[in-house]
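Number of protein chains: 4
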Amino acid sequence: MIKIDQSDLIKWLEHVRIYANNGKVVDYIPALANQQPETNAVAYYPIGGELIFTGQAEYKFTIQSISKVISLAVALIQHGDQAVFSRVDKEPTSDPFYSVAKLEVEKPAKPFNPMINAGALAVTNMIRGRNSEEMVGEILKLVRVLANDEQVTYDQDVAQSEYETSFLNRALCYFMKQHGVITGSIEELLEVYTKQCAISMNVKQLARIAAVFANDGRDPDSNEELIPPDVARICKTFMVTCGMYNESGTFAINVGIPAKSGVSGAIMGVIKRCGGIAVFGPALNEKGNSVVGIKLLEKLAAEKMWSIF
Amino acid sequence: MIKIDQSDLIKWLEHVRIYANNGKVVDYIPALANQQPETNAVAYYPIGGELIFTGQAEYKFTIQSISKVISLAVALIQHGDQAVFSRVDKEPTSDPFYSVAKLEVEKPAKPFNPMINAGALAVTNMIRGRNSEEMVGEILKLVRVLANDEQVTYDQDVAQSEYETSFLNRALCYFMKQHGVITGSIEELLEVYTKQCAISMNVKQLARIAAVFANDGRDPDSNEELIPPDVARICKTFMVTCGMYNESGTFAINVGIPAKSGVSGAIMGVIKRCGGIAVFGPALNEKGNSVVGIKLLEKLAAEKMWSIF
Amino acid sequence: MIKIDQSDLIKWLEHVRIYANNGKVVDYIPALANQQPETNAVAYYPIGGELIFTGQAEYKFTIQSISKVISLAVALIQHGDQAVFSRVDKEPTSDPFYSVAKLEVEKPAKPFNPMINAGALAVTNMIRGRNSEEMVGEILKLVRVLANDEQVTYDQDVAQSEYETSFLNRALCYFMKQHGVITGSIEELLEVYTKQCAISMNVKQLARIAAVFANDGRDPDSNEELIPPDVARICKTFMVTCGMYNESGTFAINVGIPAKSGVSGAIMGVIKRCGGIAVFGPALNEKGNSVVGIKLLEKLAAEKMWSIF
Amino acid sequence: MIKIDQSDLIKWLEHVRIYANNGKVVDYIPALANQQPETNAVAYYPIGGELIFTGQAEYKFTIQSISKVISLAVALIQHGDQAVFSRVDKEPTSDPFYSVAKLEVEKPAKPFNPMINAGALAVTNMIRGRNSEEMVGEILKLVRVLANDEQVTYDQDVAQSEYETSFLNRALCYFMKQHGVITGSIEELLEVYTKQCAISMNVKQLARIAAVFANDGRDPDSNEELIPPDVARICKTFMVTCGMYNESGTFAINVGIPAKSGVSGAIMGVIKRCGGIAVFGPALNEKGNSVVGIKLLEKLAAEKMWSIF
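Keeping their order, the protein sequence lines are chains A, B, C and D.
Just so we're aligned, residue 1 is where the first sequence starts under full-length UniProt numbering, counting upward by one.
Just so we're aligned, residue 1 is where the second sequence starts under full-length UniProt numbering, counting upward by one.
Just so we're aligned, residue 1 is where the third sequence starts under full-length UniProt numbering, counting upward by one.
Just so we're aligned, residue 1 is where the fourth sequence starts under full-length UniProt numbering, counting upward by one.
The hints are simulated quantities; they were obtained by calculation from the structure and are not laboratory data.
Incorrect hints may appear among the rest.
Where chains are identical, the list cannot tell them apart; a pair therefore holds if satisfied intra-copy or between any two copies.
Pairs of lysine to any residue, SDA-like flavour, derived with a Cα cap of 20 Å [unchecked claim]:
1) 24 <-> 288
2) 141 <-> 305
3) 299 <-> 81
4) 204 <-> 155
5) 3 <-> 39
6) 272 <-> 304
7) 272 <-> 305
8) 107 <-> 167
Quantities reported herein were computed from a predicted structural model and do not represent experimental measurements.
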């Protein structure tokens, strides 16, 4: 059991904010390109305790790839793990998250895991709904339960901007459609996918979502089951093996907790049986992870001597 | 100079038609799947001589990848070689014609040559026209001049069928759009591309087109220039280095003439300064080339001791 | 904390031994090809408790790739993590463990992690010693301390057999030598490497080694530090992200403990703060992992509800 | 038929020698690194005519990859094309000449063609001889006949230097040995291979070798058959499809004659039924071809309007 208090958060953020200078705000998604590198925030939601936070904790960002964990949870709840893993594999890969090359080489053309774009698109393709609005609704429903906030929704501008420019994801979708991994309308699927990526919240809300995973799927306050424990465990396993893009192995050694990042600059981290942490800082390193976020979590791991390994 | 007469054609076709049993009609394009493997034909159009032919010489097939030579000629005429080769490279590749993997690895994401699908799509993307109909019109205009037949057009059913199922080509297009190799509407481009592939003719017409190339771009009857000699030469060079899919090197050794095949089962072959030959037989080998076509051209090369090398 | 007693081991092994029929003894290493698929054993070494075991627990096997964990520990102890990770990266890969392809594509040609052959060879290349015998001595020294048995050594016949047939490892070595990742004599390096792979022991000894990792590097009986805790933690992290070949991600979901397998059919598993487990069964699945070993550890995870995630 | 006289050679070399500034002498082969970029020469050997030349025509260089054509001819003469092409394929590739990656992906692990290193090594491995000296002897025997000079031999220093540093070729050899493409002693094979690459001559001798190919395998003076015509044709076909490394397709368009280059800076070009040309200039472009050589041959093609296509 580790204990984190607000003075820790303040000290850590103070110490690492300077590293924002080493990173670069993502530029290939027009709607994210104007984020300010000096915007930073961190929040910690302990199980059965009081939320603490520092920095611009009200600032809303889109969760981007962090949504892959949520859509995976929805698909696992709706279809079970056997059905999901008949469409997407469970193995980490050293290829970049946007890669199509291996889909061509490997037979069958099954995406390696649900944390790379191809796999996440295949997972979202499984979510139930008669149309894109219903499919997005399923994802939002779970996000709102986890964040305990009915107001959480997606940012229409960011979703639209990503929808219009996601040529690579369209390429992945058509490639998988050719091989039967994805079915139905690609445009509808991309609408759902860009909306799930554009779900918008602040670090306080994201920390609460992480806290549910830390509590094995149960509400950190009421202890009520929000996600089945097996689904929570599977999601956390993927966070460890492939949650931090092509830096997952390094992060596992340097920090050692389940975590998922998004190119907006957010990271959620899961401290088993303790609580959930969320860090935001839009300056990214070359792997696509928040520089400030990584540094802060390394600091946490070093000071609290915490690792699942 | 070699001399081919009708008894040659009859003898060769008689000899090789049995090999159709070793091949398989293409099955991934619904509109081509019902072609009969026993349909075979060959025609030879000598420069300044009389067209000869045998087999089902009136049977119309779609030219498929053979159209890549025509669209390349149109683009070279319209834009010059420098402009064209700024978008597509000139090198043969051992990757399959539908491959996307190398586009991802190589920087910049330039297709290797205009005979693989990615390169052919990039070339068609350059053809002038305010809309798809005008762009198709430019290609048809040249085809009609070369075939000396104003009636040549595309098969609407085949075009529509390929348009609806060309997920892989859509994947290639979106991938190239992401990297700036292709611009504009992908759906419009695919409309043009599937129509050029669906241009329909018989072996007599195709042999005349080949004869123009054999005559360095000039009409085989009137000797009038139909294509600039440099454009004809460039097209023929690509036919040698990459005209027969991943069997181009083997074909160069076994036959040794510029040739281009299509998955419908057609092959056009160019006998420099002599004439053009066209063979049809829809049973394909595993590389996607007409079994009967390859065998007949090997027979021609062996008997007439002809090779450009 | 979980509790495993001998009746568990007996029941589990009884239940899973039948799965040996689904696997195949490795055939590309002549000296291993005559192992009997029905040979099975399991041992559990609890921290501060009594070793328990069942099956052919005296049977000696060579540890093969399990030795990669030991040589990594030796290199980390001798050189520190910065030096080691300047030569080999920390990321899991979806490529096979014997792959050279990515070394060519990625610049610099740094192996992805120390659990694939390329990475393990680069790590062994770092071990101190004036000659191969001294280098092997360094590895044996640590193995003997961990197994608490001065008699542990390598099987000369297996080492020799692997040395003579390891063309692929020679290819990897020369490739890395070209790129400066490996230095010195390749033949000497391969001598060390094939000897470390040929280190021979039974499940009781292997379980004790696992128990040291479970105890964060300390002796499971005396609690004395045998490996620095950071080294133990890094080794365990690699066991989770890449310890089970291209099945590591699946194993993490289905079992969820640090583990390392070898193609002889052995697996060592680490149950944090509880104990070390070793299973042997030479029939391998297509990924190269012991079928019986995997099944038994899945049973343990399911019954004891244990996972680090 | 084209006619080239000495004033052509002088004018062309004068015109293109300046381009040496755009290139770089090869640096990864120690024994070649001290070649002077301003050393240039060209020679033309017309069939049934008088040898002409200009520049440092006595300067001796090692032929490097040009030897791949000679060893292929030896293997074809000794074993026939069926036996040779059971070991190496006939297809050009877009991969670099030193690449191992595709050997791993493709099954079986057959090198794409005899002009890439893997394929050339597999071909040399077929040459008859009880030991390396006899194998080298077979290659030298043919070289001497073609060059009509019994004194031609290999440069011992260059051979030794390449032998000691050819880690990449060793990697290729061991990889192919693993897959049964290569048999016997790798060190012996590399001894033969580095000696064939180190065969040393000047442009006058190399032009005569090219002239034999231009004369379909017959002596350019006596018209006696030195190489069977089919072997000469196959060699020339490979020169067109893969003779100029990853620039072969571009060279085919820009120049359009069979040619083979070596990283020493030599190129031999074959003008069918006319004669053989050899150019030397050690400054290489990024593909590994002599800058001056390429430019001079482009000039020849443009002025004489010559292309096989």
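Mind listing which of the numbered hints don't hold for this structure, in increasing order?
-> Hint check: 2 and 5 fail, others pass.
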